[in-house]
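S.K.: Going by my numbering, the sequence shown opens with residue 1, and the numbers climb by one from there.
Honestly, the hints are just simulated from the structure, not real lab data.
Being a predicted model, the structure only gives us computed values, none of them experimental.
Idealized CB from N, CA, C, for every residue including glycine.
Certain hints may be false.
To be verified - Computed beta-carbon distance windows for the label pairs:
{"id": "1", "residue 1": "M139", "residue 2": "F278", "range": "34 to 44 Å"}
{"id": "2", "residue 1": "A317", "residue 2": "N78", "range": "44 to 54 Å"}
{"id": "3", "residue 1": "R265", "residue 2": "W164", "range": "19 to 29 Å"}
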Amino acid sequence: MSSRRYTSIEFLKGLGIIYLIGLHEWVWMWLDLTRFEMRWPEMAGPFPCFGYFSLHVFGFEVPLLAGVTFYIATVRKNSGFGFVAKRALGLLSLGFLINYMCWGIYGIDEWDVLQFIALAMMMTFPLIRWLPRAVGVGMAFGMGCAALALSDRFPWQELSDQYWYAIVIGSQTGEHFWPLCPWLFVFTAGLLIGYVLETGNGRLFGALLPAGLALVAVSLATGDYHPVVTTALWGGDMFKASPFYILGITGTSMVWIWGLETLFRRSEQWRRLCERSFMVKMGRAILWLFLLNTIAGYHATHYVLFHFRMTFPQALAAYLGLVAGTLIIGYLIAYIIDRRRKVDYA
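Build out the structure end to end from the sequences listed, making use of the hints.
M.R.: This is the structure we're talking about:
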């Protein structure tokens, strides 16, 4: 078992949060423009481009990367229940706090990504901590496969008015994001990848590439490959996506993790260079960036659009400024985190 940080995972987390910041700001601009009847036709063109852009930056793969880091932290620290309770309840509380600070008391119960990750942690922790690791990871991944089977389905609709239904199955209106079905599959795939990385087994690690390519091929063959499907960028089409869309997300992540890890294992120079990069710093500050973006970014976007009557070029400049400002503040936060943790880049 390795004791080092996986630069590949930190790098991909950084790319993911940058993508989410850009996507969130664009969606909020779209919603506010609709609300204030200021929508520009030009906005319809660039929006689908985020789907293609996400081929390289994994906004929707963040739960998979969370699964990887959760597995690694659990097994390395031999963590007890207090560890997962503190981490999961912290994320759960932050998720609902974000809801309240953005949408007030009427939107506080929305089920978003932090709440989903917290619940996934609590569900899988007993398996990966108290069972033999291969058995526990296998059982957790089996749970994920069961969730995948209900990927874009809404069974037992007579219960759809229950809150737990939105958490487990999802909402047909897309008001509740990240239901367990299908996203538990993505999180548990992250647990499986974390297991492969931590065992140090070369054959298992090498299998990530053909397995990932096979999943991508299946997704492409069905026409549901992410990010080609630009209709699945927001709302019900994304959060209750087809199982083949989810397989495409997972397969793409596996290929990129294999590729980056292979590069860094063969070239220490490339690893050190990447370790000092802007992307890795963003990855280490991912939670702070998410909080900054979803709370301050949301209100700043709303304020700018409401108080200034702008042309489309001016609004685009404001959009880029908001994204850049978030990233600059995030970089400073990451720098402080590194200094406090005394991160060794050697």
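S.K.: Falls inside 44 to 54 Å, the C-beta gap from A317 to N78?
M.R.: At 51 Å between Cβs, range holds.
S.K.: Okay, R265 versus W164 on CB: inside 19 to 29 Å?
M.R.: With Cβ atoms ~44 Å apart, the hint is violated.
S.K.: Take a look at whether the Cβ-Cβ distance between M139 and F278 falls inside 34 to 44 Å.
M.R.: Check passed, 38 Å falls within 34 to 44 Å.
When held up to the earlier numbered hints, the structure conflicts with hint 3 and nothing else.
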